[in-house]
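Could you fit the two chains together into a complex? Lean on the hints.
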Amino acid sequence: MSTDPSSSSAAAAEEISNKRKSKKPKYSRFTQQELPAWQPILTPRWVIAIFTLIALIFIPVGLAAFSASQRVVEVEFEYDSTCIPDSYKDNATAYIKDDTTNKTCTQKFIINSRMQAPIFVYYQLDNFYQNHRRYVKSRSDEQLRTPDKENDVSSCSPEDYVIINNKSEPIVPCGLIAWSLFNDTYKIQNNDKDLAINKTNIAWASDRNTKFGADVYPKNFQISGLIGGAKLDPNLPLSEQEDLIVWMRTAALPKFRKLYGRIETDLEVEDEIVVLIENNYNTYEFGGKKSLVLSTTTWIGGRNNFLGIAYVVIGSISLLLALGFLLLYILKPRPLGDPSYLSWNKNPGGLR
Amino acid sequence: MTKGRIRARIRRSHLYTFGCIRPSTTEEGGPNPLQLHGPGYSRTVYCNQPLIHEKKSLFYCKNNISTTKYNVLTFLPKALFEQFRRVANIYFLLAACLSASPISPFSPLSMIAPLAFVVGLSMAKEALEDSRRFLQDVKVNNRKVSVHKSNGEFVPKSWQRVMVGDVVRVEKDQFFPADLLLLSSSYEDGICYVETMNLDGETNLKVYPLDPSQILLRDSKLRNTDYVYGVVIFTGHDSKVMQNSTKSPSKRSTIEKKMDHIIYTLFTVLILISFISSIGFVVKTRFQVPKWWYLRPDNIEYQYDPKKIMLAGMSHLITALILYGYLIPISLYVSIEIVKVLQASFINQDIQMYDEETGTPADARTSNLNEELGQVDTILSDKTGTLTCNQMDFLKCSIAGTSYGVRSSEVELAAAKQMASDMEEQDMGSDLSNFPLIKGSVPQENVRRAGEIELETVITSKGDADKRPAIKGFGFEDSRLMNGNWLKDRNVDVILLFFRILSVCHTAIPEVNEETGVCTYEAESPDEGAFLVAAREFGFEFCRRTQSTVVVREKFSASGEVVEREYRILNLLDFTSKRKRMSVIVRDEEGNIILFCKGADSIIFDRLSENGKMYLEATTRHLNEYGENGLRTLALAYKRLNEQEYTEWNNEFQKARTSVGTDREAMLEEVSDLMERELILVGATAVEDKLQKGVPQCIDKLAQAGLKIWVLTGDKMETAINIGFACSLLRQGMKQICITLDSNAVTNDRLEVVKGNILNQITNASQMIKMEKDPHAAFALIIDGKTLTYALEDDMKHQFLGLAVDCASVICCRVSPKQKALVTRLVKEGTGKTTLAIGDGANDVGMIQEADIGVGISGVEGMQAVMASDFAIAQFRFLERLLVIHGHWCYKRIAQMICYFFYKNIAFGLTIFYFEAFAGFSGQSVYDDWYMILFNVVLTSLPVISLGVFEQDVPSEVCLQFPALYQQGPRNLFFDWYRILGWMGNGLYSSLIIFFLVIIIFYDQAFRINGQTADMAAVGTTMFTCIICAVNCQIALTMSHFTWIQHLFVWGSIGTWYLFLLIYGVLPPKYSKTAYQILIEVLAPAPIYWTATVLVTIACVLPYLAHISFQRCFNPMDHHIIQEIKYYKKDIEDQHMWTRESSKARQETKIGFTARVEAKIRHLKGRLQKKQSALVGVSSPTYT
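Residue numbers (the UniProt record's numbering), protein chains in the order written: chain A, 1 to 352; chain B, 1 to 1184.
It is possible that part of the hints are untrue.
Said to hold, decoys possible - Looking from chain A toward chain B, a few residues come up when the C-beta cut is under 8 Å (computed):
(1) L35
(2) P36
(3) I54
(4) Y95
(5) Q124
(6) V136
(7) R208
(8) K231
(9) K255
(10) R262
(11) T297
(12) N305
(13) L307
(14) F325
(15) K332
(16) Y341
Hints are computed from structural coordinates only; laboratory data are not their basis.
C-beta atoms are modelled at their ideal positions from N, C-alpha and C, and glycine is treated no differently.
Okay, chain B solo, but in the shape it has when bound (with noise of 0.2 Å):
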């Protein structure tokens, strides 16, 4: 434990000038609910004495918490509620009530039989998931932390025994039992570090030193800090976490919300055509029932009665509500839940979603929005953690005017590689070939698809140089300063400056691997990390921090020994975002002063001397080039101090930082200020924020499938656009619109002043857009937290709006989680079009659950985005597969599975109506009770569920190629009201054909060589045989995908009815009753119910047929013509064809990868012309 020794010396809250000083409460964005002197709150705990709360009239809650939905006695009554706020589940309700008397046209049990059945199934799936909820919550109430006895002795009791009062000891890398104020930690000044990864998703860790306002919160972990003791005084549902986690909103797809609307309107024919058939029964019985004697109109039920007209047409009308019921599809909504569960399980059960580094297989939380998937506009994201891996990368530097690091970015691989098949596509002749970057870096065997751009294959085919590093966050590739070769260098002095910075600029602790020893870091952020991993592979290994000292083991010295050099600490202007730059004062071994600074370059540049700035124009070119490439660069400067100059300067030092008052941070950055002047340029650092894996292709195709990406973060305004060019969001020759307010504008002027520079902004850049003639120009919108603040409200959100919807990009940078939220919901509502969240921390909560579909990034420690999301992936690169695979499919098949269901009981509903006008409108069914339960629950069921699961149009690699067929969902073409009236009309003209040709076929005449002439039973029979068969070969025609599953639902539907009415028959006349033989004796030998059974399936699909053959062959969609070039094999006969036009398949894009590699290209290819012009075959420093 030498470790902790060492570190629990240092007093470490001296380190921090600023860091410490901030009051947590304004990172917290509003008043803190727990500060004791808020108004009219207060909570008394008796510390070390928790029983005394459960005695007093405190009532503070146990420490248990629970989210589920239902308990085993509200289960019930709950969940039928739940399933009975829909509309049609209370109409069924109603109507299975009134199946018991003898108003109703169907027996009690055909009413109430497929009733149950549905609801229970609905009500078993929430069953399943609340008990899901159940189970994790009693593993975390379980969770053991160390509690205070007595006398010192801590035991372990589990969370949901934690009472208010108690004192905890909580060790390094656990979570929080309880909000707690925290008593002591392992360090003497009580300081510990706290990641609130869960809280907030920001992954810098927090400082946290003894102070009363400073509350431990719930759910947040103890870092780099061996324990801490705490007192609980907020517990379980009280807790901040808990009182912050809001219900998140039940979500429904467009595609179900407008499902319901196709509902209402079969309800308003459903009352159409009861009233119409009540007004024909009415006048039926009133003029012609008193004189039909065999129905003894003397002696007749109320509901027929002639005399009691008004009763029996209100009676009658209930009936007819009831009777025509089956144009309400009762298992529609239950299909649609097996069908969505089957396609959630298939997302779940995506192997290539699955990401083998954490374990993590796709998860579809909720199936509700399985379709909405395919038809989404815009997606939102997150940054940290989501696209980027919040891991630093050192790729590069520049020192003293040149450029090191031969290791190309992700985003040079990917323009070499176009490039190259660019070329070898357009055969642009043998002098392009000595190009430099294609000879270098791409085997032309490597490239076969020239549109698609995989960066794992180009790495790979640049054998083993080129694999990622080995080294965590060290990427550099450089002979020149490697291994000590830097001390031939000329420029060898700076160097080594620069070395130093690295090693000695910073707020990092080293943690020596007592094993190998070799230091690894805990650094506050991941680019300091990054740097001290560089400063130690080039030899200068920071190996020890004491309170005042640094202290660097140097490799490569002058006198060719391993040297340590100790570093005094003289005073350290910590980094914040305000000031962009952090500084140490250090005395060297020599008793130099030297202050070290690194920085914005935009900082550093300004503050450098007349003479320090002797590699600027170089270093500019390097920068520009580094950030053109997507990484993040900062510059390195220094500067010497004699003994006077410093200790003039660090008394007004020392006497800001002891002042008192308000104004003392301002005095502290007013002297640091002064301080970090006159400096001397060395360098600039380039480090690659590494993306996730596979981030800059997924934005790509995600752009080229038509999609639009705005990127909500809470990082910097400089951080976020190096991100924006890493990913492809942005890039050089992009037109940037940054929407900022001067700071000090905000304290100074009026809020109408403000508000009106903000809207001046958004009205002249909206006006230079439509000014813009170049039909290639892109716009980045770039906008902080600040801005955003005016700019969403009411008053110019519409502005805003307007835009950002004009950019090509847009990115938010600084915004709180309540704005992402915020900024979400005026894109949604907004434009009226499908958004996507995605996200991975907590405190994208917000904007996960206001988005039509929220996805968290699972796999990583915090789950709470993933708790409120509706897909949870592993990583922003299965986000791809997730839309244009199983989107594009969820989608189709969803829309065609309600249209089709529509038609079916449309077809089915209407010939019931039909028939009443034969019957006098009585009410009476020409089908056999059975044959009606079954037509939804058996007979009709499986073939649209095996469509709704497994219906592909082309295959999901060709998904793939064809980004662009995504559009098809966005512009709904499968679910527009077109297309819905469309079926519905078919379905209408079934049900004609059906009923007209079986009544008059079986009309009156014999239909038997016997002699026989057609009873209710048989033309009933034949009837529904005609439905089955036409309703099923309907199905198989809008199929396009048979796999046996689709064969065996389809035509074993019809082949179970044939069956039903076989068994039916056979069974005793107790049970069959009319039905009794009807299929051996009375229907199976007559040739006419075959002939006519052939004759009205055919004459049903033939229009239909005619539809969509004709739909093909003259006007065909886009999904027709490549399942056409797949199945004559096209694509293999001739690829050229097949890659171009994958290529062109893709959205005209103005951001992501290949747009970025075209302007790049473009601008090798002017280059190159004009080398060519001038005869010259050197090739360019900066691409070798």
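Isolated chain A, as found in the complex (with noise of 0.2 Å):
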């Protein structure tokens, strides 16, 4: 910005002279800055009535999801350490590299609370960072849900290409995050009886049907170099593959659960339960466990106490802040709009 000599100025003066008509603001409510207004002011009223409706409202909800969560029956049986033989124990990754070696692996437990299908069943890795960034951006959407796509595999060195006889076939589905997929299986047993695992429909419906083709077959997948997770049906178009539509939603944290499958029928109490369990998933490598994991669920999901916990705790917070300012009110009161506290009223003398 500059000062203009007064000869511009001297312009701007006829101008306004010749418009001196039109200069004149117009009057609307928006312009003058007096549109109607809600001016809400917290008086004490307000606010105990605002906390008190915040608690009762909280109270009781936390109460619903905490007793939600209690309905919730849980097992929970972590089989890294117990899984491996004990001529292994100190060697756990030779272990579970070593192809030639059994890796079938018992595990019995009795049910405590009557569970009432379905009865979901989840693998549980922990220490495993399906987060990191080199991990998540390892895949190809493009190529999971259409055939004509399958060479669109540049997000997923180093698992994109294989050399077939001197040439780069690529991989499907590429990309670091199938290519490790989970590969441990249960066969699950109640009073020696086979319970039957249900694995369809454990996926997302959109993905299913949408992100991942029926026309798309896996292709060159885990057929030389590092053999990271499971193999795949090559017969089975991906859309089918709902094991591996599962592992490929990325889970947010290190330690996460995913659907393995349901079990239609009721377990009751003293049950006794008999997994079979191939161990095939190295997590020994890295300092991961593996859990297999049985639950009901409600209407907030799986058991989940935090919730509740935490409403019952903000609504009791706001129950107290209600108490503590309808105690304050009532033992200091100031009458509202009291002029006496304005500031030139209490340190007389202005404000300076």
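So this is what it looks like as structure tokens:
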């Protein structure tokens, strides 16, 4: 901005006289900042009412959530260390990497509370960084969706191509996520009867219908080089490979559960459950843990006491605040709009 | 054209004894660079041969001017450079540059789009502003002037085509197109009158006689002269006005400067957490990643490679710096700019700041400083044209010891009103209502608000009789003198003399209106004009001036007929600021030689003869009274001379006049002094220097708002003090501290002595203030320009400032434009508080540019001040609205807005950091790229903009009723570090709550009844939903004023988020990626998603809610109480309380109308009590 010499200013002055009439601002409530407005005031009554209301809503919701969580029956057992034969205890990695070793492992446990179908079967991994930036990016959504885009593997390195007969062939599904697919399997027996694990509809419908193509088949997957995790049936389209679909939804935290299947019969108290585990997945190298989880659900999902407790805590804090304000207000009331609280009345002699 | 001929015959230069002999350079206050004799500078101009200047190697520049910042070619690079001078923008530019590389955690689009949006918007604003300047230049360059072509033929040419050497003809009331050398004028002796208001702000016309050193400067205006011829010597950017125009510094508000510090703080935090996460990354990568076979550490990109840990660490640091960039609000600057432009448009649109008379609305010329308006501590004001209209009204006079004139001055009216209302309030009893003041002037029903001083109400309430004068310059009303009634007075001779002095003793020229036959006058000063108008109305119409005579038409002569009397002007001893008086020596028709003299009372009183002091006592009393009522006074005197006496003196005088040499002036003065002695006092005049409308009330309110007001004026000390009285900066009973120099001392003494003298005065005054016991005592500091020169020097300025700050009002008179700027700088830097300078003329430009905020008075002819200003208003009184309403609002709005901005970006940015700790510090964000783009640009920007534009803590009328609320700004209650850190703490708390609650709730178990567990998209989206809800609920709690716009923006933003999520999820997975169907299929059917959102939102705002509830209930601020009073309509139910509080809400002021009126009331009450005790019902003659 520069100071114009007044010659230009004089021009402006001329202009002013010409446009005199049109320069008057037009009146509207908007331009005069007089729009009707709601000006709420946090009077003590409102404050107490608001906090009470929060308490009244939060505490019941919290209790409901807590009781829902309590109704959930969850059985979790970690099998990574117990499924290693004693001879390999100090060398679990070698055991798991060795193709020749017997990986089958049997675990037993007794049901303590009745579990009503459907009972969800999860595998749980710990210290597995599915959220690592390299890992998250290492996939090709295009390739998964349509067979035409099978060469779209630029984001999948190093699991992008395999060399077959001196030719680079794209891997379908490419990338580290698919490559490291979880490959432990479970067979569950209840009182020596096999319990069917329903593995359909464990993935989101949108994934099955849209994101994983029904005409995309695994190709060149886990055939050479380093073998990561599970292999896929090349005759089954990706849209039906639900374990893969579930796995491909990367978890947010290094400890996560993924749905393995559903048991559609109830389990009674004192039922003895035997799980036959194919212990294939290498969590030993990076010190991860593996668990099998059986859980029922309610409207809040699986067992989640925290939500209910948090609601009750927030509700209680609100209640305390409401009581506190009430008490303060009774002990030390301030009449609303009492001018004696104005700063110039509090310290006579002005504000300075 | 008879008029012109008459005038052309007068060799006007003879009229002036002193005026025309002063070299013009002395007025410029420094060596004139144009002087040909000046060392090392000469300029050759070939008169009437303009083309030579192009051919020869002179290269004089063209006369077109350009004030734009950019042109078409330079706009892009220059404007971009300006944009990227902001640290934050450079950071975002670097981040955008890196976004294409694998280091960047985000997609290029998400980095570049917001930056392009933000920078583009700011640049568009620059372009718009510059194009306005360009259009104005074009208009000026195309103005027409008559240029000599050949053989005396003149053709119109546009200004830009005028060249050096051209001979131009400038007509009356035209501007000079370039710096001209005067060749001739319509007057025989080649003088012309020039108004230099555009250059120095002085409204008095300047006389330019034909002389090689007299340059007519570009942009001054030809006045009272039909035409002049001049040769162009300096064109375009060479002209003085262009050379003197300085680039005004770009100003930034205190809040913005502080905001920079917050940005730096945030950058520090950013760097800190980037280091933390890089260290975390290095540790993880070095010790753990080699075992994470699922990442294929054997075949890994360099930025994760554990084997090249240094490189990976460095590149991760860059990644982290970009990733946590959300801590720095990219849209902060652009949002603030949008908000300020809108705020400025509200200022421009304010209908109550529109001046009907000149047709000018307020104009916020820069929108940078809106919030600074709310933090002003000291106002430095120009006088002429700013406080006063420079129009005088003849109001009262004292003749032969009797005071005439019944109309009250503004000060009297206000005092009367205040008295009346005070009595009503205090119910002082019936005997007091007999008090003459109240009975006559103010009807009780019109006094509603005790504290309000609204003159307009008073005036209208008094009916038609007291309307403002219909005749410009004449406000006098007294039947004893009007319509020839004075003929019946017993002092008729003295009154006659009084009128004659008024009509003869001046230097004005009459202009007869040919239609009505009434004379109007072109006088050098408005006082003189007022005297002539008054004389005309009294029946002494000055109707003609010839070379040596003055003709006065007397309506009421002894014979009862209209007679024309001719006075021969023998000598005219004109007015100079040093002499403070002017005299004429005339011979009347009877052959008597009389000296008429008018001058400052102190000067005249010293020169009275023994028998001329008949009315001295009464006149002195009246003069004091007039002074108290804020009027400008002059004393009138005369002296009869006999022939011999005069001839002797005249010989001396002519000798002095014709003498050549340096002491000519001194000799003239001495001789004049000899004549102006032994005078006989006739009376005194009281002229009201018409203050601009509403000035005293405005000053009153500003004083109540706690603002200090300094007046800096080029006027002489007496005038300045008078104005000080008129606008209530000074009042009787105030202790005036005058710091001046004896004029002889300057020339005679050595510098150290002079300085010692001043320092002594300052120290003594400071001592006096310290010793003062009376808490009501008020001091006024009056200092003149010469003294100020010394007082502003480095070794003394702090003492001077210390003294000035202790005084209730400060008046600096006879200050040069440069000194105005220096004083402003001293106040600004010395006190560290915000200063506002207001002025109307070019002489105020320096001060306007120097002050934190410069305000120009627009609607007058000179626009230089406006061009240099940040805000332009048409009237001083609009300053109240500008500061107390707009300033107060804008300050609070911007302060709250910035605090909220930092809050929301901290709340959001830190969640990204926390997540890193759970993602192996790999630089993965839990949110979708699109969420991040939209966060700043769409989802949280509109509510905060609506806060910045529309928030009002109290309505505008309450702001005006409680000026003390303004103090929240200067005390900076809303942007202190306590509050800023509080908001940052709130942001930290919210980030922790949002992140950890969501993480724990969505930990590992199923979140749907169908057993699905939450993946990263679900967790990220839920977390983001919580952030959007929490920050928008937070801003709703921050606001106290909801129009439909705020409702729409706040709740609309939350709605927009869900709408976006819905639409984004419906898009094919190619675009929506992990967010495909996320709302419909994954989250919306999960009760836990909704319950978590509610829980997190409430948990986030709960502490703030508790805090503001507690503050309001138990530690309320002023605006809280006032809101409550308004809310419960207590102001309507209990008007008494409302009135009392709004009057108490004012600062304890020592200046301003209220203080003044109170002082007067104290005085009157004291008097009343005396009277009551004496049981006398007679009223004082003064107040009838």
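Next item on the list: Classify the hint on L35 (chain A) as holds or violated, based on whether any CB of chain B lies nearer than 8 Å to its CB.
Entry: holds (4 Å)
Notebook entry, point to check: If you take the shortest Cβ to Cβ gap from L307 (chain A) to chain B, is it below 8 Å?
Noted result: holds (5 Å)
Notebook entry, point to check: Does F325 (chain A) meet its interface restraint, that is, does its C-beta lie within less than 8 Å of any C-beta in chain B?
Noted result: holds (7 Å)
Margin query: Checking hints one by one. Is T297 (chain A) an interface residue toward chain B, by the C-beta closer than 8 Å rule?
Written below: holds (5 Å)
Notebook entry, point to check: Quick one, is the P36 (chain A) hint okay against chain B at 8 Å, beta carbons?
Noted result: holds (7 Å)
Notebook entry, point to check: Should the interface hint for Y95 (chain A) be scored as holding, given a Cβ-Cβ cut-off of 8 Å against chain B?
Noted result: violated (15 Å)
Item checked: Evaluation of the interface hint that places K231 (chain A) against chain B, nearest CB under 8 Å -> Check failed: Cβ of K231 (chain A) comes no nearer than 16 Å to chain B, outside 8 Å.
Item checked: chain B contact restraint for K332 (chain A) - C-beta distance below 8 Å -> Holds, about 7 Å.
Check: Does V136 (chain A) pass the interface check with chain B, least Cβ-Cβ distance below 8 Å?
Finding: With a minimum Cβ separation of about 6 Å from chain B (threshold 8 Å), the hint on V136 (chain A) holds.
Checklist line | Hint check: 8 Å Cβ-Cβ cutoff, N305 (chain A) to chain B | finding: violated (10 Å)
Checklist line | Status of the hint placing I54 (chain A) at chain B (closest C-beta pair under 8 Å) | finding: holds (6 Å)
Notebook entry, point to check: Would the stated hint for K255 (chain A) survive a check requiring a Cβ distance to chain B of less than 8 Å?
Noted result: holds (6 Å)
When each numbered hint is compared with the structure, violations occur for hints 4, 7, 8, 12.
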